[in-house]
Amino acid sequence: DAGITQSPRYKITETGRQVTLMCHQTWSHSYMFWYRQDLGHGLRLIYYSAAADITDKGEVPDGYVVSRSKTENFPLTLESATRSQTSVYFCASSETGGGSGANVLTFGAGSRLTVL
Amino acid sequence: GQQVMQIPQYQHVQEGEDFTTYCNSSTTLSNIQWYKQRPGGHPVFLIQLVKSGEVKKQKRLTFQFGEAKKNSSLHITATQTTDVGTYFCAVGGGSQGNLIFGKGTKLSVKP
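Chains as they are written, first to last, in the working numbering: chain U, 18 to 133; chain G, 109 to 219.
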């Protein structure tokens with residue numbers, strides 16, 4: 018698990034501020050993902066990326082922006098944070114993708130974000 | 109889109125009792141994965157099932173994939189306090205590689 022790191026681990030911000038959560042992986046995995054975890058909702062996919070410069074929306078993309086200029090980095094930006102975005106955010110990567118079952122996810126340790 | 113229902117949401121057991129969580133889908137699945145998340149931790153991959161009727165074991169954990177590939181179960185025999193956590197199933201949600209997770213079953217074990 019040391020191959021995928023998230024920063025910051027904890028962040029407190031105010032409504033309306035921009036926040037960027039960083040994710041870095043050292044395996045050169047093609048696929049990277051951002052999930053948010055909230056009580057009662059489990060893990061919900063925000064955005065994912067199949068390769069550098071390729072990103073796509075997940076289940077709950079509103080209010081978030083991602084980029085993937087390099088294979089190893091997949092930052093998640095909240096352009097104007099809202100209280101509803103208080104959550105634990107997990108970055109994950111996988112070597113392959115598709116529905117065939119080869120895409121086992123390895124998760125980072127998570128970033129706990131509080132928006133006041 | 110793809111959805112998977114996971115039950116129960118919570119399970120409280122006495123140490124030594126068995127535990128089972130179930131995942132159900134309305135559509136046929138190509139595969140299903142199971143993850144465990146310890147309290148305060150991150151999800152960790154446990155196993156993947158691909159074949160119809162497949163059964164896999166990891167020590168006290170038994171994973172099953174239904175014959176119709178629409179459901180799966182995770183059974184823990186004789187729970188221990190180290191089994192505490194939330195167990196998630198996950199299925200492929202689309203052609204681009206994203207996984208859709210069930211809402212998880214939170215297991216607590218009373219010593």
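No wet-lab data here; the hints were simulated from the structure. Ideal Cβ positions, reconstructed from N, Cα and C, are used throughout, including at glycine. One or more of the hints may lead you astray.
Said to hold, decoys possible - Here are a few chain G residues that face chain U, going by a calculated C-beta distance under 10 Å: (1) Gln114; (2) Ile115; (3) Thr128; (4) Tyr130; (5) Gln156; (6) Ile208; (7) Gly210; (8) Gly212; (9) Ser216; (10) Val217; (11) Pro219.
Unchecked claim - Cross-link-like lysine-lysine pairs, in silico, DSBU-like; alpha carbons within 30 Å at most: (12) G:Lys165 x G:Lys144; (13) G:Lys159 x G:Lys177; (14) U:Lys28 x G:Lys177; (15) G:Lys177 x G:Lys144; (16) G:Lys214 x G:Lys177; (17) G:Lys159 x G:Lys218; (18) G:Lys144 x U:Lys28; (19) G:Lys167 x G:Lys144; (20) G:Lys159 x G:Lys178; (21) G:Lys214 x G:Lys165; (22) G:Lys211 x G:Lys164; (23) U:Lys74 x G:Lys211; (24) G:Lys218 x G:Lys177; (25) G:Lys144 x U:Lys74; (26) G:Lys214 x U:Lys28; (27) G:Lys177 x U:Lys74; (28) U:Lys74 x G:Lys167; (29) G:Lys164 x U:Lys74.
What the hints assert, rightly or not - Listing some non-contacts, in silico: residues in chain G with all C-beta distances to chain U over 12 Å: (30) Gln141; (31) Val152; (32) Lys167; (33) Gln188; (34) Lys214.
Evaluation of the provided hints:
1. Gln114: holds, 8 Å
2. Ile115: Cβ of G:Ile115 sits 13 Å from chain U, so the hint is violated.
3. Thr128: The hint is violated - G:Thr128 has no Cβ within 10 Å of chain U, the shortest such distance being about 18 Å.
4. Tyr130: violated, 15 Å
5. Gln156: holds, 6 Å
6. Ile208: holds, 7 Å
7. Gly210: holds, 6 Å
8. Gly212: Status holds, d = 5 Å.
9. Ser216: Violated: closest Cβ of chain U sits about 15 Å from G:Ser216, beyond 10 Å.
10. Val217: With Cβ-Cβ at 20 Å, over 10 Å, it is violated.
11. Pro219: Interface hint status for G:Pro219: violated (25 Å vs cutoff 10 Å).
12. G:Lys165 x G:Lys144: holds, 15 Å
13. G:Lys159 x G:Lys177: holds, 8 Å
14. U:Lys28 x G:Lys177: violated, 41 Å
15. G:Lys177 x G:Lys144: holds, 21 Å
16. G:Lys214 x G:Lys177: holds, 24 Å
17. G:Lys159 x G:Lys218: Answer violated: G:Lys159 to G:Lys218 is near 35 Å, above 30 Å.
18. G:Lys144 x U:Lys28: Between G:Lys144 and U:Lys28 the Cα gap is close to 25 Å, so the pair holds against 30 Å.
19. G:Lys167 x G:Lys144: holds, 15 Å
20. G:Lys159 x G:Lys178: holds, 11 Å
21. G:Lys214 x G:Lys165: Holds, because 21 Å separates the two Cα atoms, which is no more than 30 Å.
22. G:Lys211 x G:Lys164: holds, 22 Å
23. U:Lys74 x G:Lys211: It holds: about 20 Å lies between the C-alpha atoms, which stays within 30 Å.
24. G:Lys218 x G:Lys177: violated, 33 Å
25. G:Lys144 x U:Lys74: holds, 25 Å
26. G:Lys214 x U:Lys28: Holds: G:Lys214 and U:Lys28 sit about 26 Å apart, inside 30 Å.
27. G:Lys177 x U:Lys74: holds, 27 Å
28. U:Lys74 x G:Lys167: violated, 38 Å
29. G:Lys164 x U:Lys74: Not OK: G:Lys164 and U:Lys74 at ~33 Å, beyond 30 Å, violated.
30. Gln141: Non-interface label on G:Gln141 violated, nearest chain U Cβ at 7 Å vs cutoff 12 Å.
31. Val152: Violated: least Cβ distance 7 Å, not greater than 12 Å.
32. Lys167: holds, 19 Å
33. Gln188: Consistent with the label, G:Gln188 stays out of reach of chain U, its closest Cβ about 22 Å off (over 12 Å).
34. Lys214: Non-interface label fails for G:Lys214: nearest chain U Cβ at 10 Å, not farther than 12 Å.
Of the numbered hints stated above, those contradicted by the structure are hints 2, 3, 4, 9, 10, 11, 14, 17, 24, 28, 29, 30, 31 and 34, listed in ascending order.
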